[in-house]
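Peer 1: Could you build the full structure based on these sequences and the hints that come with them?
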Amino acid sequence: MAADTLSGLDALDLAGRESGGSTLSRVWAATWPKVLALAFVLGIWQVVYWSGWREPWVLPEPREVFADLARATATADFWHAIATTLRRGLVGFALAAGIGLVLGAAVARVAPLRAALGSAITALQTMPSIAWFPLAILLFQISENAILFVVVLGAAPSIANGVISGVDYVPPLLLRAGRNFGARGLALYRYVVAPASLPAIVSGLKQGWAFAWRSLLAGELLVIIAHRPALGVRLQGLREQNDAVGVISTMIVIFVIGVLADTVFSYADRRLRRAWGLA
Amino acid sequence: MAADTLSGLDALDLAGRESGGSTLSRVWAATWPKVLALAFVLGIWQVVYWSGWREPWVLPEPREVFADLARATATADFWHAIATTLRRGLVGFALAAGIGLVLGAAVARVAPLRAALGSAITALQTMPSIAWFPLAILLFQISENAILFVVVLGAAPSIANGVISGVDYVPPLLLRAGRNFGARGLALYRYVVAPASLPAIVSGLKQGWAFAWRSLLAGELLVIIAHRPALGVRLQGLREQNDAVGVISTMIVIFVIGVLADTVFSYADRRLRRAWGLA
Amino acid sequence: MTAEDVASVLPERAAAERLALTLAGVSKVFGRGPAAVHALDKVSLTVAAGEFVCLVGASGCGKSTLLSLVAGLDQPTGGTIDVAGGARPGLMFQEPALFPWLTVAGNVGLPLRLRKVPRAERAVRVSALLRTVHLAEFGKRRPHQLSGGMRQRVAMARTLALDTPVLLMDEPFGALDAMTRDILHDEIERIWQERALTVLFVTHNVREAARLGDRIVLLSSRPGRVVADWRVEVPRPRRIDSPEIAAVAAEVTDRLREEVRRHGR
Amino acid sequence: MTAEDVASVLPERAAAERLALTLAGVSKVFGRGPAAVHALDKVSLTVAAGEFVCLVGASGCGKSTLLSLVAGLDQPTGGTIDVAGGARPGLMFQEPALFPWLTVAGNVGLPLRLRKVPRAERAVRVSALLRTVHLAEFGKRRPHQLSGGMRQRVAMARTLALDTPVLLMDEPFGALDAMTRDILHDEIERIWQERALTVLFVTHNVREAARLGDRIVLLSSRPGRVVADWRVEVPRPRRIDSPEIAAVAAEVTDRLREEVRRHGR
Amino acid sequence: GGSPQKASGAGDPVTLRLGYFPNLTHATPIVGIKKNFYADKLGRNVAIEAKTFNAGPEAVEALFSGAVDATYIGPNPTVNAWQKSKGQAVRVVAGAASGGAAFVVKPDITGPEQLKGKKIASPQLGNTQDVALRYWLKQHGLNTTKEGGGDITILPQANADTVTAFGTGAIDGAWVPEPFASRLVKAGGKVLVDERDLWPGGKFVVTNLLVSTKFLKAHPDVVKNLIAGQVEANDFINANPVEAQQVVNAAIGELSGKVPDAKQTADAWKTLTFLNDPIASSLRDGARHAEEVGLLQPVDLTGIYDLTLLNEVLKARGAPEVKV
Ligand SMILES: Nc1ncnc2c1ncn2[C@@H]1O[C@H](COP(=O)(O)OP(=O)(O)OP(=O)(O)O)[C@@H](O)[C@H]1O
Ligand SMILES: Nc1ncnc2c1ncn2[C@@H]1O[C@H](COP(=O)(O)OP(=O)(O)OP(=O)(O)O)[C@@H](O)[C@H]1O
Ligand SMILES: [Mg+2]
Ligand SMILES: [Mg+2]
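Listed in order, the protein sequences are those of chains A, B, C, D and E.
Residue numbering for the first sequence follows this note's numbering, starting at 1 and increasing by one per position.
Residue numbering for the second sequence follows this note's numbering, starting at 1001 and increasing by one per position.
Residue numbering for the third sequence follows this note's numbering, starting at 2001 and increasing by one per position.
Residue numbering for the fourth sequence follows this note's numbering, starting at 3001 and increasing by one per position.
Residue numbering for the fifth sequence follows this note's numbering, starting at 4001 and increasing by one per position.
It is worth saying that the hints were derived from the structure and are not from the lab.
Taking lysine-lysine and the DSS-like style, the derived pairs with C-alpha atoms no more than 30 Å apart in a straight line are: (1) 4190(E) x 4270(E); (2) 2042(C) x 3140(D); (3) 4119(E) x 4146(E); (4) 2140(C) x 3042(D); (5) 4034(E) x 4263(E); (6) 4203(E) x 4138(E).
Covered by chain E, according to a simulated footprint, are these stretches of chain B (three or more residues, beta-carbon under 8 Å): (7) 1054-1066; (8) 1124-1137.
This one's a predicted model, so the numbers in the text were calculated from it and none came from an experiment.
We put the beta carbon where it would ideally sit given N, CA and C, even for glycine.
Peer 2: Structure representation (structure tokens):
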């Protein structure tokens, strides 16, 4: 039997690792499963709708939702809402990333800090956003900063935990090599620990983004400003209006933003893996 | 200069990696920073209180909060609430872990699935719990299952992402070795991929627990069941009553549970690192 | 297919049957475009069943790449590779490639576990294999607690646990002192004979090649091509410090030196 | 301290100054209790400044452990280690230990970057070092695109970039073919003489030890102890296949063989 | 936090931070701001800064933290704020709206006797509607427990979820405020009890104006003008209900991103009354009812109302004064 045949058996095992083929075939390979998945979900939804399982005002038709989405996208408010929330998300995430990275780096390598704060970080991560609302208002009154505070408290622990996990698993051999080259303290971090834990850090940042985004959509209810629509307020507002169509179309928007965010992280991750010889 | 002195400089770099010393001194090293941190936080809080920065009904005194906590711990309801929420959390987390692990494993190694769902997983992760409430009620009416549904949707994507990240970074050499030994499909997973990505999986489970717990505390508001007090309901109820003392004391409870959860994960992580020669 | 055809084909097929490995015009190019590396270029090589073939060549000439192709872990860019009986050859990698989450015994036992060998039998076989590589007392250790040479020996024991008829070994004794290596030469020769294995063995030590091989194959550098193929006629048992082996080694070394010089190093 | 004391101490201190490394009763025990491994037991060794000392011993006898202690990467359980001038010795690990996120040039240039050598000078030095190890065209590659021997040479170039007066090398040429190794023997000898380095060099190849070393130190196994110490009187330049080197190697090999046998392998 | 401004002299500029919710029962402040009734009364020296809240707790947190000076709010958080601050932090200086709550059930339920064993939702344990529900059930001989047990299972739930749950048949009814009650009717429910029928004159407080005591002490004149603005706003609302509805709908749309259905608003509007009387009796009776069904520790509400400014305004307009 030819070795070709043997390795044919491994085709599945290699999924996602093979990069060959033309650009067109790569695009096609990346696209058809998404289209299929989408068609599948829409199909189920439509069939359930047709089955009359629930009243249309509880479970609306896909067509109606997309019509609503189309209507919404034609309004400036819709785009303002997205822009406002994205801006807050990015600012909050950047802040959280800064704090999380520094905190994680410090806690990972300084034993007393780790003993003091290690478990507290996870504990903070499990604290629901609403628990922070009173403190946010107390510290920042009704201001954008109150939202950022909630976002940072939501995301920073997650990012810090990613860093800690990454640092903990840096291969000791590389650490020893770095130290032998005279890398100390910050230099060791900059040239060895940080790059070696980059995969875990990217993964932590991705989780952090999810925390940030969720905290943000909750936290936006803290500061509701006229003429400054925001996704979180929109979602809550539509929910209060029991507008199933609107809620689902907003969920689609959140979903799409999530997909785009993932694309950014995946891109970073893929580049990393390619450089490291893993993809 | 002696090499001893040189390595002395590395003492900080080695924080958390050195394991020597007697049991007593290890316990002491793990305890004093916690005590100090706690004392520090309590101290600041007390000083701020004494400064009269805010009225006592906005920012109560530590003493008052701990008195409230002591009162609460003397009631059966308090323990029932914790027990109920913990049980839901554990069941939901177990479900989420099962789904997340399988989903992550499948998506990580099957290219079309990854193309179809890879980004969707992160997108689902960013969806706030309240967005799922209507669907939860649609599918599960007013039942414990509705809560579990929200918890699973909150935590499973995070766990799946942990698995994917872990699988992506399995050293190719180990994969090749496994395949050469005749490990295919499930066997390759069981004997090579899974153990090699265990660190990332543990880290993903930890993040997943945080998501599960947050989703749970929000989701508990969906189903407030007879004779079954729960932490989420308690927190929300106290907040609705603007009971700062109660909110803070409930936050302390959540915090302590978070610390305990982290202890479990840290223990698993430390054992792993010790076995791998990393700690 | 007529009766005559079958008759005329049979002897040929029987001859082919005795070939354990057949590489026909195998090429391997890494990457694409101007940055492409032509690691192997139309390598043709046959190894008879039960033969011990040593592969030598300069650093980076494509020896590891070749083994990896034969093991089916990579796809050749051109040409075909046939492994008689379709059995996947066992490969001992150039690096130990031990699993850090398993003990030494766990690592050695993994191939057995994958073949569902019962636990009791496994324990017996693992300790026999560890004795073979002189690490009997180290079964409970973890890879990170071993020295470089010990790790290499564990990797060797693990590869032997595969029980494949064809064994590919990539510098298995590179990290061992001369004494331990001599002992393991005897061991591998014994196992090869006992199990009637076919071995493709990469080494930098030409004496080692002469000590162990039925044949020595020399690969040129970038692109890797087969440039020489000696049959070592020294009868076994052989001693690595015998003059016959030294003579063979000298001849191979001369040719290798010439080859390396031709490529400007 | 009186004037007389100073006078009498000075010559002694001058003598001590010429020692690059002083190990006094160095022990290293891994783990605790019954599972403890006594890797090194009261090793005492001095290396004069500018000396090239080769360390040989059976697999697992504690050579790597010793280098690691001298490099200050581990703490001895007992005894003291003095490095003259307090400079941290440069260590070339037994594994290449390349940083996967850096190119070959990036890896070699890292020690320079850490010393804040300006970019332009760094580029010049890196390409000179890569030429030394015959990898001039490979600067832009990543470690995973290299062969085993190439990786080892990159690691060597990187260690040379450290510019430390004391160099510790753990089997630097283990994965190299004989030709490339011969060339690198010349290179390392040249650099050693040019830079007046002190080198502590672990190898399994006794001929290599005889080819390169001013002294050859033999370590016994578990616990590791210094059991023999030869001065290689063969004048340089030496050739690895010269009869003088073969004679030295034979002597060392005999002793080593005896040592290994004494420990039951 | 700039709340405790020093007592304003004649010329000192003052900023009044006023909170409200984007919601029908808050039509008074919405119209007051949109139609400049407040601005006109407060004059050029006083800047009004509107702050919008999603729910009562945030509004009280903001009031406590000095992030707002006054807020329109429901009776329930009003009592909480009073009780938690031991009567120090806040005062009710005017009412704004009454009515707008109903007990809606599945059509096959026609009386209390059929409610046994059913699942009924309320907005939140111990809130106005929850108390009304429990008290009403008690009056009809049906007992309930705080934990949701008893003859009837009471499920405290977010109003939005209640509508969904009713739509899927997961609950049999709910005692909810507008516009949720109208929505339940639209979803096939039937009004079993219109809460107006339970109160004298059909009036019970749903929104009132809560001011921080500090601000009230520091700037009584500003608060008085605020009240004057609200009185104008209420007059406008009562005179031009259709236009008021449009203004409110537009404002809700502006804040939440979606303009509510005009018809729904009109339906809900019918059950509401906009007035300046805080209907103190309903607050006190509500508290008493809560105590009776075991949801509230006895609370002394004496002093929660400070209606002197309101009465001054009303008197100046020749309108009848209100009593505590
Ligand atoms: N993944 C890869 N990408 C690009 N080039 C590669 C890759 N793997 C190997 N090469 C190149 O292919 C050539 C052959 O490599 P190979 O590892 O087979 O050499 P080798 O003969 O085993 O050398 P050594 O004796 O040093 O181990 C080298 O030039 C190497 O740089
Ligand atoms: N971290 C560790 N924990 C426990 N034992 C260890 C550890 N590191 C090394 N050892 C043990 O110490 C002994 C010496 O190891 P070392 O790596 O120094 O050997 P070596 O002389 O370099 O061998 P080789 O030639 O095979 O590389 C070995 O028995 C090894 O098992
Ligand atoms: Mg190789
Ligand atoms: Mg070693």
